[in-house]
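Student: Construct the entire structure; sequences and hints are all you get.
Here's the letter readout for the chains.
There are 2 protein chains.
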Amino acid sequence: MMKKFLNKPEAFVDEMLQGILSAHPDQLKHVADDLRCIVRADAPKPGKVGLATGGGSGHLPLFLGYVGKGLLDGCAVGGVFQSPGADQMLEVTRAIDGGKGVLYIYGNYSGDRMNFDMATEMADMEEIRVESYVAGEDVASAPKGEEHKRRGVAGIFYVYKCAGAKADEGADLDEVKRIAEKAGANVRTIGVALSPVIVPEVGRPSFTIGDGEMEIGMGIHGEPGIRRGSLMTADEVVQEMMDQILPDLPYESGDEVSVLMNGLGATPKEELYVAYRKVAEILSEKGISVFKVYVGEFATSLEMTGFSISVFKLDDELKGLLAKPACTPFFEQVEL
Amino acid sequence: MMKKFLNKPEAFVDEMLQGILSAHPDQLKHVADDLRCIVRADAPKPGKVGLATGGGSGHLPLFLGYVGKGLLDGCAVGGVFQSPGADQMLEVTRAIDGGKGVLYIYGNYSGDRMNFDMATEMADMEEIRVESYVAGEDVASAPKGEEHKRRGVAGIFYVYKCAGAKADEGADLDEVKRIAEKAGANVRTIGVALSPVIVPEVGRPSFTIGDGEMEIGMGIHGEPGIRRGSLMTADEVVQEMMDQILPDLPYESGDEVSVLMNGLGATPKEELYVAYRKVAEILSEKGISVFKVYVGEFATSLEMTGFSISVFKLDDELKGLLAKPACTPFFEQVEL
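Residue numbers (our numbering), protein chains in the order written: chain A, 98 to 433; chain B, 98 to 433.
Note that these hints are calculated values from the structure, not bench results.
Since this is a predicted model, take the numbers as computed values, not measurements.
The list makes no distinction among identical chains, and a pair is therefore deemed to hold if it is satisfied within one copy or across any two copies.
Under the rule of at most 27 angstroms between Cα atoms (straight-line distance), these lysine-lysine pairs were calculated in the DSS-like manner:
| # | residue 1 | residue 2 |
| --- | --- | --- |
| 1 | K246 | K410 |
| 2 | K421 | K166 |
| 3 | K383 | K241 |
| 4 | K241 | K416 |
| 5 | K126 | K416 |
| 6 | K142 | K389 |
| 7 | K166 | K389 |
| 8 | K105 | K383 |
| 9 | K421 | K389 |
| 10 | K421 | K126 |
| 11 | K389 | K126 |
| 12 | K383 | K126 |
| 13 | K166 | K416 |
| 14 | K421 | K145 |
| 15 | K197 | K145 |
| 16 | K410 | K279 |
| 17 | K416 | K389 |
| 18 | K166 | K126 |
Tutor: Dropping the structure here:
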């Protein structure tokens, strides 16, 4: 049974966008007469590298929630769990180019790759220089050594944050891209899910998972994870997740990190903090210090029950960029 | 079936608090060797009226999520859906009194009233002056004319925000209390729920609601609402909710308001924005202008599916206070 607040399922994405634009008119606008082409209200920013993202709907605050001061300049919005079109990406690119070129930062999914590549070619014909960084940091989605196959999930937040702060400093496109690559290389994520989601236009659960079961490593569209098994205690789940993340970079004694505890949709913040308690214990035992902890919903999958853990290894440069203030309708941070 | 990330259900609240304190050590601390007595890390603030709240767990960011700069100074934390004890309230009061007295701001529930009244008497014996404001703005919980019987729900956010900003200006206790009363008198809320919650120590749903049903006006502990019926479209649900709120104050053409679209736990932000689209349409038709819209989780009920709408009528004084910056681990706002 689909219990959702909806009008027509096929109008879901556009009505959501109408709601967002009417709630935050000082911060966001659409361009090209297309609700799915969202940019900062003050775009373009002359003399600043433009940052664009894009992806399917159903993951708020991903993707468009990171459009705003200190973060991104624009976002192409797709249907639920569907890539936006290359034309929409191009419209966003045109609207945010301030003369220093545009960097695309998006998750490693085949539809998004294809469309962003096409948009890059079209922008090139208009003499807008575009570079791309494809985020993929889910350790459950491909083994070490095949990092290029990994899916992009909540850890993309750190890439947006650091690249956004760098672009605000007036850095050129190559330098902003270097920061995006460096941030992306320093983050690892893994998720766990307890329940499926219902895509409004489909009307039934996207997959099934037994009453007493969980799946470790599941992706944000229900992609298969590492293993499905009986639900364990919070401490056991976190231990298994951290056992996947920590050796992968690896994170070692003396490292300083930021941690992102990301709710996938229906899991209460209370449970995220119960889980973080164990994360903190494990990191402390390993001699890894924690600079800043984010707890909340940063990359969701509609009403999925579950969460992900992202660990972001810092150095002075990344820490300085992470600490900068940011402000969008979905994310605010004072200077740390 | 209880699908939650837990260790021992009876340790849920304390483990959550350990997680919160380890995640945000620069912002929060506990006092009196009791995890359930939470105050700002820099408490007490000499020369500032102290603001305290308290209530049951299971509603994050209510209540302790509003402890921080520009908002509150301390919070007594109860078990899930249970009032904290008067002794805990007293410890918080002692820890935040900066010499100008303490204002309690809490929701209108009998257990909380009894315990905060007792704490007030105990503080009085220690010559700490305490005043209280009991928030109650859920229009579904009692009819107009019996406002004193109404439950406090998400609208208490506006009371915290305005009173917190006023206290930061150095205002005295009477003046801060006047603002709390004024803010509380200017807000109305109504909720709708689609699914029950499971309290960890109970282990089964708190109430039942049919597969195709919703309940308009339900409280954040599952208290009965105005009517139960078949699930309607988002627009129909919002229309019925606004028809309860708008005549109650009443809100009229020419008014300026802030709107809070509050997710109760499992409802995705996407759906909150679909709902806000209709709120904006209704307000626009009535000639009511909107200054600032908050969309997210501000007062939850664990994993309940549903949302509430709060409408806050502004004047220059309240608008100025609402616009001030604030920063807690759960809520950040730059100056509007």
